[in-house]
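Protein sequences appear in the order of chains A and B.
Under our numbering, the first residue of the first sequence carries the number 1, and numbering increases by one thereafter.
Under our numbering, the first residue of the second sequence carries the number 206, and numbering increases by one thereafter.
Be aware that one or more of the hints could be misleading.
Stated by the list, open to error - Straight-line Cα separation of at most 20 Å, SDA-like style, residue types lysine to any residue; simulated pairs:
{"id": "1", "chain 1": "A", "residue 1": "K58", "chain 2": "B", "residue 2": "H258"}
{"id": "2", "chain 1": "A", "residue 1": "K205", "chain 2": "A", "residue 2": "E140"}
{"id": "3", "chain 1": "A", "residue 1": "K58", "chain 2": "B", "residue 2": "S257"}
To be verified - Every beta carbon over 12 Å from chain A, so not counted as near; a handful from chain B, in silico:
{"id": "4", "residue": "E340"}
{"id": "5", "residue": "A341"}
{"id": "6", "residue": "E376"}
{"id": "7", "residue": "A422"}
{"id": "8", "residue": "Q459"}
{"id": "9", "residue": "L506"}
{"id": "10", "residue": "L525"}
To be clear, the hints were calculated from the coordinates, so they are not data collected in a lab.
This one's a predicted model, so the numbers in the text were calculated from it and none came from an experiment.
Built from N, CA and C at the ideal position, the CB exists for glycine as well.
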Amino acid sequence: MEKEKIDAAQESSPGITRRGFLQTVGIGTLEIAVVGAVAPAVQAETRQRGNLVPLTLKVNGQRHELHVEPRWTLLYVLREKLELTGTKPGCDRGECGACTVLIDDRPRYSCLTLALEADGHEITTVEGLMHGEQLGPVQEAFVQEDGFQCGFCTPGQVVAAEGLLRHTANPDIGEIRTGMSGNLCRCGAYGHIFKAVQRAAILRK
Amino acid sequence: MIPWFTYSRPNSLKDAVKQLSVPGTRLHAGGTDLLGCLRDGVVAADKLVSISHLAELRGITRTGNGSVRIGALTTLTEIAEHPYIMEHYAALSEGASSAASPQLRNQGTIGGNISQRPRCWYFRGDFHCLRKGGEACYAVAGENQFHCIVGGQSCFIVHPSDTAPALIALEARVRITGPQGTRTLPLESFFVGPQKDFTRENVLDAGDILTEILLPAPAANHRSSYRKVRARGAWDFALAGVALSVRFSNGIVQLARIVLSGVAPVPWRVREAEKIVTGKEIDDETASQAAAACVKDAVPLAKNEYKLHLVRGVVEEALLAMKQA
Ligand SMILES: Cc1cc2nc3c(=O)[nH]c(=O)nc-3n(C[C@H](O)[C@H](O)[C@H](O)COP(=O)(O)OP(=O)(O)OC[C@H]3O[C@@H](n4cnc5c(N)ncnc54)[C@H](O)[C@@H]3O)c2cc1C
Ligand code: FES
Ligand code: FES
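Please model the entire structure based on the sequences and the hints provided.
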C-alpha cells in the first residue's frame, strides 16, 4: 500500500507528468523531440531521480527511440509505451511465462528484464511472428492443434515455442517438455500445447 | 512497480568497482533475482550498477594448464550447453540445467546464481525478520517445511543455488575484485553461515565484484553429478540435492567430495561421508553409510523432518548411479 502511494506520487511529480508527457507527444513525435539530446546508447553515468533516460529499442525489426524510467521493465515498455499488448503480464515475477519475448533468439521473461538492459539486442514479440497479415507457422500450429483454452498464456507459449524451434529445429517430446517448462497454463492445455509445438516444427520447414 | 532507482552501466571493471563502493548501490547482473527483491522490498537501492557491458566477464575459456575459467556473466544456459563442461564437469552442467526455467537460465548468470539471496518466505515477505535487521527468525515457530535441517542458528534459511554445491564439489575457486584489489579464494570459503553473520550469505562487501570462477583441470578417472529433488519439474528450488565429485582408481574411490543443497544456509559439504567412501568401492553398504553420515548432525524443525529421508535417498541413489555410470 505504502509503496503504491509513493509510486503514484512519483508518477505525478512536478510540472508535466512523465506519463502525461509521453501521452501528449506520442511515441512518434517523441523521436523528434529527443534528437540531438540523445546519445546512441545508455551512457555510463548516473541519472538523477525523476529523469527519463534515452533508449533505443529494436523490436520486431523496428527501431524505437524512447525515454524511459530506469525501473521500467521491458514488459511495461512494450505494452504501455509501444502498445504491443500481445505480450501478457501474468505474475510479474518470473513464475508464469506469459511475458515471454525473444531477446537475440532466446526466450526470456520481459517482466524481469529492465528495458534499459534490452538496448542493443533484437527483441521479438508475438506480433513479430506474423507473416504480414497471415499467422506465422507457430501461431498456425497452435490454431490447428487447439493449443489453448482461454488463451491468456498463448502468446507466451507461442514465443517460447518459436525460441525452442530456432535453437532445436526437430525437438523430441523430452526437449519440448523442457523447452516449454517455463510457461504455465492455468487451463492445463499442456497436451495440446505439446502437440502444437510438434506441428509447428513441421510447419516451420 | 519497482521503487525508483538511478541506473548506470559502466564500461570498465575499475569504474564499476568505484561506483559500487558508494552506499545504496546494488550490482545488477542478469537481474532475475535482484529485480524480484527490489519489487518485494526485500532490499532497497538508490542506484543499480549494471555489469552487463563488461565483456571480459563473459564466456568459458580453457587456460594453458588445462583449467577452466568461467566469467561471472556467463549464463546458466551457456554453461548447461557447453560440450566441454558437459564432458568434464557434469555436476556443473547438471546443476545449471536444473535451475529455474529455460527463460531464467537464458538470463541468469553464474555469478548471480552463486550470489542470489535466500528464498525463505518470511525473508521475501512482509516480515521484518532477523536477516533483514529485525528481531527474530519467524521460521523457527512458523511454516518451516522448506527451511534448513543443519547449520541453522538464529536464522534457518537454505541456500537456494543449484550450481554452488556442484562447483564446491568440483573444487572451484572464485576471483573477486573490490576496492582493495583482487583476491582468489576457494568457493567453499565464499559462503557465510548464520552462526558467523546472519545478515549476509557470502563474503562480498561493498564494491566487490565476483569476476570469474576457476575450475581445476579435469583429472583422469573422474566423475561428477548433481541430483536435485523438487516438488515440480521446473522452476522449483531444491528440497534436497547432492553434488558428487569422485576420482576412481580401478573401481576404488581415491578422492570424493559430497556437497548437499536445499538443507543448510550454505552449500553443505559432508567430510565424514567423503571419508566413508574413500579407499573403498561404492556398494550398497558404503552408499548407505555415507547417506546416513549426511544427516547425522541434522536437527529438523517441526515441519521438515521429511528432508532427512530425502537426503538419505538422494545421496544413496547418486552414489550408486555414479558407480554404475
Ligand atoms: C521463479 C524463479 C525460480 C528460480 N529457480 C531457481 C532454481 O531452481 N535454482 C537456482 O539455483 N536458482 C533459481 N532462481 C534464482 C536465480 O534468479 C537464478 O538462478 C540466476 O542465476 C541469478 O542470476 P542473475 O544474473 O539474474 O542475478 P542478479 O539478479 O543480477 O543478482 C543476484 C544477486 O547477486 C548479486 N550479484 C550478481 N552477480 C554478481 C557478481 N558478479 N559479483 C557480485 N555480486 C553479484 C546481485 O547484486 C544480487 O544481489 C530462480 C529465480 C526465480 C525468479
Ligand atoms: S509475467 Fe513474467 S513470468 Fe509471469
Ligand atoms: S489457455 Fe488458459 S492459461 Fe493457458
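Each hint, compared with the structure:
1. For a cut-off of 20 Å, the pair hint linking K58 of chain A to H258 of chain B stands: about 18 Å separates their Cα positions.
2. A hinted pair counts as satisfied when its Cα atoms are at most 20 Å apart, and K205 of chain A with E140 of chain A qualifies at roughly 13 Å.
3. Of the pairs offered as hints, the one joining K58 of chain A and S257 of chain B holds, with about 18 Å between alpha carbons and a cut-off of 20 Å not exceeded.
4. Taking the minimum C-beta to C-beta distance to chain A, about 21 Å, the non-interface status of E340 of chain B holds against the 12 Å cut.
5. Against chain A, the non-interface label of A341 of chain B holds: every CB pair exceeds 12 Å, the least being about 22 Å.
6. Non-interface status of E376 of chain B relative to chain A is upheld: no Cβ of that chain comes within 12 Å, the nearest being about 29 Å off.
7. Every beta carbon of chain A lies more than 12 Å from that of A422 of chain B, the smallest distance being close to 30 Å; the non-interface claim holds.
8. At the 12 Å boundary, the C-beta of Q459 of chain B stays outside the reach of chain A, the nearest C-beta of that chain being 35 Å off.
9. The Cβ of L506 of chain B lies farther than 12 Å from every Cβ of chain A, with a closest approach of about 25 Å, so its non-interface assignment holds.
10. Listed as outside the interface, L525 of chain B is consistent with that label: its C-beta sits roughly 23 Å from the nearest C-beta of chain A, beyond the 12 Å cut-off.
Comparing the model with each numbered hint stated earlier shows that all of them hold.
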